[in-house]
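Visitor: Required output: the full structure, derived from the provided sequences and hints.
Line by line, the protein sequences give chains G and X. The numbering of the first sequence is our numbering, which starts it at 1 and goes up by one. The numbering of the second sequence is our numbering, which starts it at 1 and goes up by one.
Hints listed in this document are in silico derivations from the structure and should not be mistaken for laboratory results. Among these hints, one or two may not hold up.
In silico DSSO-like pairs for lysine-lysine, Cα to Cα no more than 30 Å straight-line [what the hints assert, rightly or not]:
#: 1; chain 1: X; residue 1: 67; chain 2: G; residue 2: 280
#: 2; chain 1: G; residue 1: 280; chain 2: X; residue 2: 207
#: 3; chain 1: G; residue 1: 18; chain 2: X; residue 2: 108
Since the model is a prediction, treat every value here as computed from it, not as a measurement.
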Amino acid sequence: MILFLRQLQGELVKLFGKRRTYIGFIALLLTQNIFCFLFKFPKVTRHMAVLVQRQGLDFHSYLSALTVATAMIVPLAALLLPLFITLVGGDMVAKEVEDGTMRMVFSRPISRHRVLFLKFLAGSIFCVVLIFLLAGFGLLFGWIHFGWGGLVAFFPEYQIFAIYPPSEGLQHYLFANAALAGQSVTVLLFGLFFSCFNMKPAAATILALSFIIVSGILHQIPYFKDYQGWFLSHHLNYWHHFFSKTPNWDAVWHSFGILMLYNIFFMVAGAMIFHRRDFKS
Amino acid sequence: MLSVQNISKRFGDRWAVQNIDLSIEKGSIVGLLGHNGAGKSTLIGMILGQIWPTTGQVLINQHSVVKQRAGALGKVGALFEAPCFYDYLSAFKNLEILTAYTAIVPKKRLMEVIEWVGLKGREQDKVRTYSHGMRARLALAQALLPSPEFIILDEPTNGLDPEGIREMRHTILRLHQELKLTILVSSHLLQEVEKICPQIVVISKGKKVFEGKTSEARQTGKTLKIRTNDFEKTRTALLAQGLITQMDEKGMATLSDSAKASDLASFLVAGGFDLHELAPKEETLEDFYLRLTQPNL
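Guide: Below, the structure is given as structure tokens:
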């Protein structure tokens, strides 16, 4: 067990030691600040303000860190996180093979399955840390710009509009981010799966990202409304439900189950491909 | 220590390695010779379980590399021609990460090896700041960790300057003498192999064409230097008698399969030739290698 933990520590050092990891993270933080800046324009918050005022509440006491941090999850979860996480996942095996370090690893008595499992674990830890750091920084930047207050969750495409006092809002915010962290593991595994093939890291990333984006576009097209359950991106959005006053638990568990099946498929298929490969100089 | 049994590897339609048997005894140094693309690295890849054999098997200390990887490779270290590291990390961190794939190694042992390869004082520097020679030493350090009994060196002198090559040769001999390691050195540099390895295995086009002592390889030539009072007459007579197969203008003759140098001397003396010189030409490893790999030359 100690040896396993030491090996996992090595994988984490490799992952967190790369400058690229931080460049991507800084880009995400900048995006969060841009979002805070945009929320200062009344035009951006107009619809939300109208809905809150209809409830007889003062919108300004709800234009808070929680509200802004919640709103900024949408673009992050839809595009920037998949981009960043598939980049990390796509790199995990393919980059090591390209750089030649994988050959150094496999001159040692460790099995391929174990190496892949270690990479999956390290990547999953990375995803969870990333999501919760972004959640924390989102709140911090929101607090700096707008102060503390209640949460207004407004996702019209999911028919979600809810207003919470700060403490309850924070709970919903944390649960939604936990769900997002779980979903990001599927995105990571997708990148890792392609990374197991004999291809360049960029190709693995582009393939995984293209699949997610195409899936996202298709599932937005009304023609495919009846087939939404078939699209990966549909299930990658179940974090929204945690902002509802009465979450649709059936939908949550359904999406969770589908993502677990995807995870198992990516892991098993990736391991089989990785196991069959030859590692040459 | 190592037993390679009838191993072959096919990539698509091409056989990279074909039916190679190889055995290395504990404590020996064996040179694996072959030109670029001969199949050396593929063979080493199969020995280390990085490349799956199409047929055959590799046993290290009686353990199958494919089926009992941990047992087979637990006491094996390897160094590759282009050592690759996590350049953005320090040398020490690289060693910690790579050795953890084998066992937990105390810091004291890591420092011992760092000192042994001559990198003390630079171990906390990022590998990207290292020169080629320093990377080679670091590669050697990782191969020596935790504490192997058998070490595989794939083209260890590639890319090194003459001083680096000499240093690496010296180091390999130290590994054998001081640490009593069994060593397999792959190279296409004949002179280097000749200086280090008492035993060689020659591979050409994926097939083993020779396995034996280096000294045997040098003596298997049948070339003689012949000098008499009449070059033309001597050549004609020896060819007619079937004692030689050819003789060049410099008097270098190749004995026919059945002939011995003493037969040739007796014939020349009996024929009334003034025999001034009859000396076997010691074949260099290069001559031997070329004869094996390019018989038409």
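Visitor: Confirm or reject each hint.
Guide: Structure-based check of each hint:
1. Between residue 67/X and residue 280/G the CA atoms are separated by roughly 20 Å; this keeps the pair inside 30 Å, and the hint holds.
2. Distance restraint check for residue 280/G and residue 207/X: the Cα-Cα separation of roughly 19 Å lies within the 30 Å cut-off, and the hinted pair is therefore satisfied.
3. Only pairs whose Cα atoms come within 30 Å are accepted, and residue 18/G paired with residue 108/X is accepted, the gap being roughly 27 Å.
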